[in-house]
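Read top to bottom, the protein sequences are chains B, Z, E and F.
Sequential numbering of the first sequence, starting at 30, is according to my numbering.
Sequential numbering of the second sequence, starting at 30, is according to my numbering.
Sequential numbering of the third sequence, starting at 30, is according to my numbering.
Sequential numbering of the fourth sequence, starting at 30, is according to my numbering.
Among the hints, erroneous ones may be present.
Heads up, the list lumps identical chains together, so a pair's fine if it works in one copy or across two of them.
Straight-line distance between alpha carbons at most 30 Å, and here's what the computed DSSO-like set of lysine-lysine pairs gives [as the list claims (entries may be wrong)]:
1) 88 to 196
2) 232 to 71
3) 227 to 190
4) 369 to 72
5) 134 to 292
6) 33 to 292
7) 71 to 134
8) 285 to 255
9) 158 to 266
10) 292 to 92
11) 266 to 243
12) 92 to 255
13) 92 to 304
14) 278 to 92
15) 33 to 253
16) 71 to 190
None of these hints come from the bench; they were simulated from the model.
Protein chains: 4
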Amino acid sequence: MKIKTGILGCTGAVGQKFITLLQNNPLFEITELAASNKSSGKKFSDAVNWTESNPIPEKLKNKIIKNCKPNLDCKLVFSGLDSAVAGDIEDEFANAGYIVISNSKNHRMDNDVPLLIPEINITHLSLLKSQITRRKSGGFIVTNPNCSTVVLCLSLLPFIKNNEIEKVIVTTMQAISGAGYPGVPSLDILGNIIPFIKDEEEKIQSEPLKIFGKIKNNKIEFAKIKISALCNRVPVKDGHTLSVSIKLKNKTTVDKLINQIHKFKSNNKYTSPKKLLYYFDNPGRPQPSLDVNLGNGMSVSVGNIRNCNVLDFKFTALGHNTIRGAAGLAILNAEYLIGKGFFNK
Amino acid sequence: MKIKTGILGCTGAVGQKFITLLQNNPLFEITELAASNKSSGKKFSDAVNWTESNPIPEKLKNKIIKNCKPNLDCKLVFSGLDSAVAGDIEDEFANAGYIVISNSKNHRMDNDVPLLIPEINITHLSLLKSQITRRKSGGFIVTNPNCSTVVLCLSLLPFIKNNEIEKVIVTTMQAISGAGYPGVPSLDILGNIIPFIKDEEEKIQSEPLKIFGKIKNNKIEFAKIKISALCNRVPVKDGHTLSVSIKLKNKTTVDKLINQIHKFKSNNKYTSPKKLLYYFDNPGRPQPSLDVNLGNGMSVSVGNIRNCNVLDFKFTALGHNTIRGAAGLAILNAEYLIGKGFFNK
Amino acid sequence: MKIKTGILGCTGAVGQKFITLLQNNPLFEITELAASNKSSGKKFSDAVNWTESNPIPEKLKNKIIKNCKPNLDCKLVFSGLDSAVAGDIEDEFANAGYIVISNSKNHRMDNDVPLLIPEINITHLSLLKSQITRRKSGGFIVTNPNCSTVVLCLSLLPFIKNNEIEKVIVTTMQAISGAGYPGVPSLDILGNIIPFIKDEEEKIQSEPLKIFGKIKNNKIEFAKIKISALCNRVPVKDGHTLSVSIKLKNKTTVDKLINQIHKFKSNNKYTSPKKLLYYFDNPGRPQPSLDVNLGNGMSVSVGNIRNCNVLDFKFTALGHNTIRGAAGLAILNAEYLIGKGFFNK
Amino acid sequence: MKIKTGILGCTGAVGQKFITLLQNNPLFEITELAASNKSSGKKFSDAVNWTESNPIPEKLKNKIIKNCKPNLDCKLVFSGLDSAVAGDIEDEFANAGYIVISNSKNHRMDNDVPLLIPEINITHLSLLKSQITRRKSGGFIVTNPNCSTVVLCLSLLPFIKNNEIEKVIVTTMQAISGAGYPGVPSLDILGNIIPFIKDEEEKIQSEPLKIFGKIKNNKIEFAKIKISALCNRVPVKDGHTLSVSIKLKNKTTVDKLINQIHKFKSNNKYTSPKKLLYYFDNPGRPQPSLDVNLGNGMSVSVGNIRNCNVLDFKFTALGHNTIRGAAGLAILNAEYLIGKGFFNK
């Protein structure tokens, strides 16, 4: 008995990734496809400009796309909606009793909405009690962070426990798939670097403070980390590469940090990879073209931890932006919700 | 009466760039081509794998390449030699009375060798007195810095005077032409990022301290700046892009810093561009594919100065790595030497 | 006394290229900018997403964009309009007395409209007599061919005279700039080949028959060449590369064909390059990144002429698609019209 | 009981691909690694510059590389040797009783050496009788064709039976992985097309004549097809794309040809994909970035069959050059040899 699942924004890049990743998922079954008026009423294969390398799943080809109205035959919706419309639509679905797992930015910083990377802050699900109370329908919203935020936070995770992190400067080199489709024009990025991504630095500077925050009195007390992000778009298809410098509260060494990664055990489950974090001894790794698909795109890689003249340490981090950083994480979040019993109620 | 000029390492990438840039130079005339035993004795057009888009200058096509021995018919040599051999050969030429302008790293940090960006530290030429005395032949070596160092130092130049710089964290995104030819295999870099360039971070962290140093008692007192570099190779042909964060001694504002660039006047001459520094109001600039050739590749561009949560300010910088960062700067250095009378003696 | 000139479709990729190329043109002065309702009424710098590497000419920055209505203060208009609207608008301007030089496909195959590559078929201007008569206003339209057609026809030009061409099979590898802006999404083309360009093969198969046609009784008798085109989009910024096989009526040899190119003299003038055609002895040339800008982008290059097992000969051809294949050719056409006295009337 | 297998040229690009593809193969077990003197005697992980995205198989990391001398402990060797040395070494192994499956060009056209694509010409194994007799040791050589040849021949396979093929003109757009490692310098190919690959056209023009040949009197009677190839290197990592025009002996239609592909059944087995040939209705497919991995890289894709003005029909074909076009095909050949009993003797 799979859980009936709808995809909001099914024709977009994130929507297509949801459909691709859910194809053989044992827990969820796509029963509804929804999109804007431009596409609703059409057969999916007619409305979509399919850009995944796997073909459209056979049983969805002729499915008629519905409007993004809360009358879909499903319990759960994954939202890959554009942020221009996601805010209101996701509220409507949650208020109508749906469980909404959203990749959009709109509700990420809401007080009672978890901004979830389950291997880090599964305890934040306790926020849902007040959200469910507020909405009165049994429905609620859970969000996942910005793609670069996800990679950054997971790369910092092994260091958090023993060495509180005080400061982070992170330069991102972000793949074009992060901009959706059609996204970045090829004339702008072929053989080029674009040293700016609208609103991206603000997200990376603020979201981790919530993610690493602690629950106190049913609210999140934000972590006190100073983060500065410098964002660049690069001619790479998939995989955000991060050059990270960090300042820690407690003294440690490069060897100890490497060891913390090696012995790091995530209590990961479901589609989460067996090995959440990889460390490379070769200083030239990780690289997107070689390492982005580790753990089926759900692992994060770290390499070349070394001393930093200005802060304490610096390293390279890499993660798959549309899988671990978006659709794959959203699905993982839904799987954890099952594990925590949220679909039993 | 042009100055007779030899090119050491004439078949390499830097050597070819010297030849291309000197083609119509009014001050220098290439009278000698020299390279390793592999090429010496051959006609230039037979020995070289010419990769510049302009054709080989007609008068050099049939020129016989000589050995890198100090019996060349010229007063000046530009060295684009590989660092594996550059150290000794350049010493031999200087000791034999030649003026050696080198792009190699070997002698950059020698006490009495200027590491020259003439718009910044032309006063360092006073080091030459002791070098000339030591060598006894009238010859000497002048070096130019690493390509990323050059772009970084010029981007910092307008801020130096009024706001002493205390700390710099710079992430580089470096073009493939910086690795020479054949250089980076296409399988390694197409659609990819390589987060490591051997020995590069060390150069960027140390060379600016000499460049911004002050002459005291005929020696350079190094500047006290803490610099941390994180170097990446990117699939861009020409142009190193830098994401820079800085901490300044004196308080200032983004607007004041932008103003410092706008009103910056370099006392530039010769092949130095009329406008040494560009500032872009568009936060998405500079970009290598649009801006790398400003000032015929001799200008440096800055954009998107903004506040930094960790240090004080952050911005993007861009410069042409093989022109301003290598051969073009070396030629400019030679032109300044003429202006300072070093060719009259 | 420059000729007053308007640009129709001034914000598009071709429009921007017109503006860039005309900046220092001694014959034409841009006095009007026009575009669709979306842009008209705005200052040019506010309406345009400028993608040329040279900045917007200072005197056009604040110019107000007008509608594409034939009330512009100029004698000549260059049209870079989208083909969805170009047909009617260009007719309106021509019927109102303007000289219209169009890069759009709409009128290319009209009976009394020259499809002009002036080095090939300047005689086709005799068609204008009947077009001017028909329009009654003194105005008329002259078009330039599709970008790949231009490169193909110029590469065939030296062979036409002595060896009538019977058959041509041409595989194109076309640059992304040929699709305008935003044009090809980077996700579609980075590290990829798209083996299809809508309507492109039909143009390449038909337009050369008109271009190489002969005037008989004031009409063009189309050339009898069988052409088959196979079109591909490749991740190259500028420059269409063609792999061409040809069957000739008269027997000849590779050496003779090469010689025909070397001794080819075009009676070129104006912005046409001094050397219209280059031949490379190196079989690996021409290449877009090395050779696309020969003759300021107005030359065409040919290389590796060799025997073909199926037809007679095969070779590589290359030309700059947005200069020689579009805006640059349109300007050249206008210059020839001056030379032929069409602006005196 | 897996067959003991050695890899000749184990550190090269093809050697690494053999190792990667054989990792989980149920029939073969790598017991020996061999390479040139430069690498022999070293541990594999020390000698190899590993460029596959999967890590080096654990059990091979510390294996000592041997010389390419016929004293290896195995029955079968896969040869990924450079053609400069492959000819003699492969002969030595075959003469010493080894079964040699070679990806090198040296013996492809030898009279009694099968040039094998088993789905096409498995009957050519009858040549082995005389080869085995000649060598007297029980050993023999089987080769696979050039990577582009493989893709071309498989794309033509459905048409062969009912419509003898008379003429083929094929323009290739070949991936950089076809040139091995380090292979094509990034400066040569980034954003560029190289319209020449040494000796490639000759192979594509001759090898299919042997592959499609018929056995008569224990010799191959070559097929009488005129093939002309025009080869280009493109900035694509994996996957050769072909623009093909063909002339057939018998009349047919586009629809019939498409139907021949759809109903084509290969009697494929082993690692051969379930579906050998894909046909796309979308004229913009196949594309390397979307379709190269179909059938785990062992399928070939065809699209956009249409009429040709010069020959009869034209279409696009695509295949994975290092899997179906090299190492994967060599392994498939070995699997067929097992099936035919060649390992029982």
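Against the structure, the hints come out as follows:
no.	hint	verdict
1	88 to 196	neither (49 Å within a copy, 42 Å between copies)
2	232 to 71	neither (35 Å within a copy, 33 Å between copies)
3	227 to 190	neither (32 Å within a copy, 32 Å between copies)
4	369 to 72	neither (36 Å within a copy, 49 Å between copies)
5	134 to 292	neither (33 Å within a copy, 40 Å between copies)
6	33 to 292	neither (38 Å within a copy, 37 Å between copies)
7	71 to 134	within (28 Å within a copy, 33 Å between copies)
8	285 to 255	both (23 Å within a copy, 24 Å between copies)
9	158 to 266	neither (39 Å within a copy, 50 Å between copies)
10	292 to 92	between (47 Å within a copy, 27 Å between copies)
11	266 to 243	neither (35 Å within a copy, 46 Å between copies)
12	92 to 255	neither (47 Å within a copy, 45 Å between copies)
13	92 to 304	between (37 Å within a copy, 26 Å between copies)
14	278 to 92	neither (55 Å within a copy, 44 Å between copies)
15	33 to 253	neither (40 Å within a copy, 60 Å between copies)
16	71 to 190	neither (51 Å within a copy, 42 Å between copies)
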